[in-house]
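Respectively, the protein sequence lines represent chains R and C. Quick note, in our numbering, the first sequence goes up one by one and the last residue is 627. Quick note, in our numbering, the second sequence goes up one by one and the last residue is 627.
Don't take every hint at face value.
Identical copies go unnamed one by one, so any copy, or any two together, can satisfy a pair.
Listed next, the in silico DSS-like pairs over lysine-lysine satisfying Cα-Cα at most 30 angstroms (straight line) [unchecked claim]:
no.	residue 1	residue 2
1	LYS111	LYS457
2	LYS513	LYS613
3	LYS457	LYS576
4	LYS55	LYS217
No lab work stands behind these hints, which were simulated from the structure alone. The structure displayed is predicted, hence computed values, not measured ones.
2 protein chains.
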Amino acid sequence: MLQYKAPIDDIRFLIHDVFKADKHYSEMSFGEDFSLDLADVVLSEMAKFVEGVFLPVNRSGDEEGCQYDPETRSVKAPPSYHGAFKQFVDNGWTSLSTPVEHGGQGLPHLLNVVFDEMCASTNTSLSMYFGLTHGAIVALEKHADEALKDRYLNRLITGQWTGTMCLTEPHCGTDLGLIKTKAEPVEGGGNEYRITGSKIWITGGEHDLVDNIIHLVLAKLPDAPDGSGGISLFIVPKVTPDGERNGIYCTGLEHKMGINGSATCFMSLENAEGYLIGEPHQGLKYMFSMMNSARIMVGVQGLGLGETAYQTALSFARERIQGRSLAGAQQPDQPADNIMVHPDVRRMLLSQKTMLEGCRALAYWVGMNLDMSQHHPIDHIREQAGDLVELLTPVVKAFITDQGYLVCDQAVQTLGGSGFTKDWGIEQLLRDCRIARIYEGTNGIQALDLVGRKLPMNNGRAVRHLINEMVAYADVCKDHATQARLRHGISVLNDVLAWLAMNALQDREVAGAAATPLLKLFGVVTVGYLLAKSADVAQEKLNGGDESSDFLFAKLKTRDFYFAETMVQVDMLMELIKSGKRHLMAFNDAEF
Amino acid sequence: MLQYKAPIDDIRFLIHDVFKADKHYSEMSFGEDFSLDLADVVLSEMAKFVEGVFLPVNRSGDEEGCQYDPETRSVKAPPSYHGAFKQFVDNGWTSLSTPVEHGGQGLPHLLNVVFDEMCASTNTSLSMYFGLTHGAIVALEKHADEALKDRYLNRLITGQWTGTMCLTEPHCGTDLGLIKTKAEPVEGGGNEYRITGSKIWITGGEHDLVDNIIHLVLAKLPDAPDGSGGISLFIVPKVTPDGERNGIYCTGLEHKMGINGSATCFMSLENAEGYLIGEPHQGLKYMFSMMNSARIMVGVQGLGLGETAYQTALSFARERIQGRSLAGAQQPDQPADNIMVHPDVRRMLLSQKTMLEGCRALAYWVGMNLDMSQHHPIDHIREQAGDLVELLTPVVKAFITDQGYLVCDQAVQTLGGSGFTKDWGIEQLLRDCRIARIYEGTNGIQALDLVGRKLPMNNGRAVRHLINEMVAYADVCKDHATQARLRHGISVLNDVLAWLAMNALQDREVAGAAATPLLKLFGVVTVGYLLAKSADVAQEKLNGGDESSDFLFAKLKTRDFYFAETMVQVDMLMELIKSGKRHLMAFNDAEF
């Protein structure tokens, strides 16, 4: 059975000690009552909630799946989800970081990131019924007129209704410029339109957990220019304001490898009533405005799923006895030693542990900067924070989901045959995690976003600042071996960026070829920086006589493990990037 | 839907051109009628059979699964398997490389390796009902007395009955010394014993495709010494020679992530009638004698599953249009270019293609050497071939299943969201492939086998010979860039082996820590050698005016891709190995 206790120690260590969030948040305005002491209380409540309510219906949701009834075109969510979802709404977990003026709690987004991690750890599928609602809330809040806000925001924030994002169509996912869904203005209807088309991959497009579902729909107006500059954003409720069933229906469910408790719907818009959000043809821009938080959420799914996989694998390894230590029997009174004596098993477990802690640091760092980019009173801090969020969001999304998936995979391997069975449940985490590398923009698209959009932003201002910060830290890094290796990693990153500037400007395919290994290099080095810093902070606390010494000593060893096992990839990644595009483009179609 | 055509061109190229099998097999005795021309005919028939009979019931088998009836303790295999299994038996595919004197066809084992690949490509689960029978045949042939041979061999070889291997028990998988199953001699019963115990993970332990199932069972005699030196091997038929239902029952099925069409059984032996094979307490040795072919078979499952995943991904990529080439529109008449214009998509596809071709070369090379080790008339060739098989069997098993799994994973990613759905079927390949890295000895165990048993064999004779062969080839390698990189790879391997000899003799945990990256290094370098050689052979054929030029040119580009993308790992692997054990062993239990 899956084992999970929220990693509260690590979460608090990161927030308070590594990122000194107390200092930053004290300078931002999050309502009079907010303090990080309150945040600590919230964290404990979160842990209690997900462990007690979400985790127990994780496996049942996978087994029950979602049921589609073609007669009524309705969808039943897993029956075991109903009670948990109700508690989720009743306890106010939907409104953590949403604006107070619309019924939200106005807490920092960082707490949402933490909560997203815990939800993914305990029930990714269930959490997704509300997951995309947050995007709908942000879009409405930022771009909709007051009438639409009044009508929808409050009930989305309180979880009375859920939201969706209707982007993808059967012939286009990544390339939204190709969408065919049409919106016709209703004559004399003011902001009202009639929308017709087909959408696929709509998470929570139809289900029976709430009475109304608020769809955000991308569609083209009759006068729309071709391509991605001709897309507008509409709000299309399942039930219209006058209580009628609107013409937006689920026409079937995807049959998937994982996240079986989450209803992934084919949707048909049949002259559905909808209302334009903001200006015409600005839909893609509005979508991008909520993309950072959505992508961070998906990145954090990789982290959360990995965490439960690791905890379960560790619990198995501690109990499984098999074979003897290569150094001689360690438990001579037992018929065999437990498998944690084997270096190979330890490598599997420690790869999981160290990568998770590194990815958590990365995700929270970006989460805190998201708050700072919106709330910090000092302009240049807000700007720097915004740069960091833009730059590292694709890394959070792609690197953490790739690594989180590997963690789940290593956890399966740690259990051997038991990992392959449904009894232990890790195989479900692996299946559930597989989609995180695909949706919200495949990880290949994230890499192109990093190379093509984020690196060149403001003439490279964001990446320069990140590198400067890492260099400055390396100069004061307390551990000399780490210092040398970190400096090497940073210099490789610098070197690669210079190479790219030289070579990719003339040939964009070279940038395309470099994108995926470059994103990985960013992830490896940035996580290395954060783990080195965490270890120094731990060392300081140890020097100061802190007594939680297992946790703090482990931070030093975690850093050492990461630098021995993961930082060694940087030269290989550089070589790979510098091999350019020739070996990729040389094959003609018949040669594949 | 899954796409698969047997890669006959590549198979023939390897057998005839790269490995010059014609020369080797002409010196061995495989019955008067055998020639490699006959083998070519057999290959075409194989392809027709698996494409037409196995593939069509691949998905249905996954969906139907196996059904257990607790009343009768019986198992129904997927209904759609029955017709395909009957054709499999009727067409004689069970007896390819089994001895003529017991009704087999006496063909080279290499053909079996090819057939195993094709079966895994088209229906891994179905093929496993017969897969382990081969091990039972080998064990009987080598170690059983004539009476047992007469009674069982013929009907196992013709596929009238199937066989199992009953090794694992609930508390022990890897460490068989811990087994508890007991065998009591029957007084005055000659070779007859009564066997009692529990076994788990028994593939095909019970099913309705045949009338009788012949179990090979590891058990302990009353006077058995402790540990692995006290295990004996028994044959336990489901139906005894006098037609009685024997006391060996299925008590349940595993619920698994994949290979759902394969019945993975909990078995209970309840005073079951069994007969000792060979000598008492020699069971583990006998098991090892059939382990090479079983491990090669599992390695080849990774290859076969990967091949179908790749072909399906390629077919998808050729049809999917989305976005534009970074070099400007390539199909301006269409609304978008097909996704094969993108460097990142090409990398995913080419990683799959090149790794599969390299792994196929590795598997067939070892398969051919297995034949030579048994049938070659010249002593030292037989010995060298045997060395190669021993040395590389763990590499075939672990490296190819790890890489085949990555191929399936990359294929899923190539399809994006479609890869995650059941419609395309690649997700099933990924799930089916996951177990190959675990069963027949986890890949971690394979690495320990390589480091702890295979490298030291005869004072390192096998590995020295392999390295000499690669060095000799590098000297005559026609492509200079390849030559330099291959030499570097070989020297890294040499260097690591020297380091290991220095460091691991005093400390076996250092060897344990090195095992997994070392096995990977072996795989990467050996596959590099084989792809370099293949490219040179292709170049020769091109120089000779061969007209199948797409295939042959692709071999050159495949080598270039592999050396640019995969051989770059060697330095990192070396660094990882030389980092030793400290970072792995430093954590105490509370620090995990």
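Each hint tested on the structure:
no.: 1; hint: LYS111 <-> LYS457; verdict: both (23 angstroms within a copy, 20 angstroms between copies)
no.: 2; hint: LYS513 <-> LYS613; verdict: between (32 angstroms within a copy, 24 angstroms between copies)
no.: 3; hint: LYS457 <-> LYS576; verdict: neither (42 angstroms within a copy, 51 angstroms between copies)
no.: 4; hint: LYS55 <-> LYS217; verdict: neither (49 angstroms within a copy, 63 angstroms between copies)
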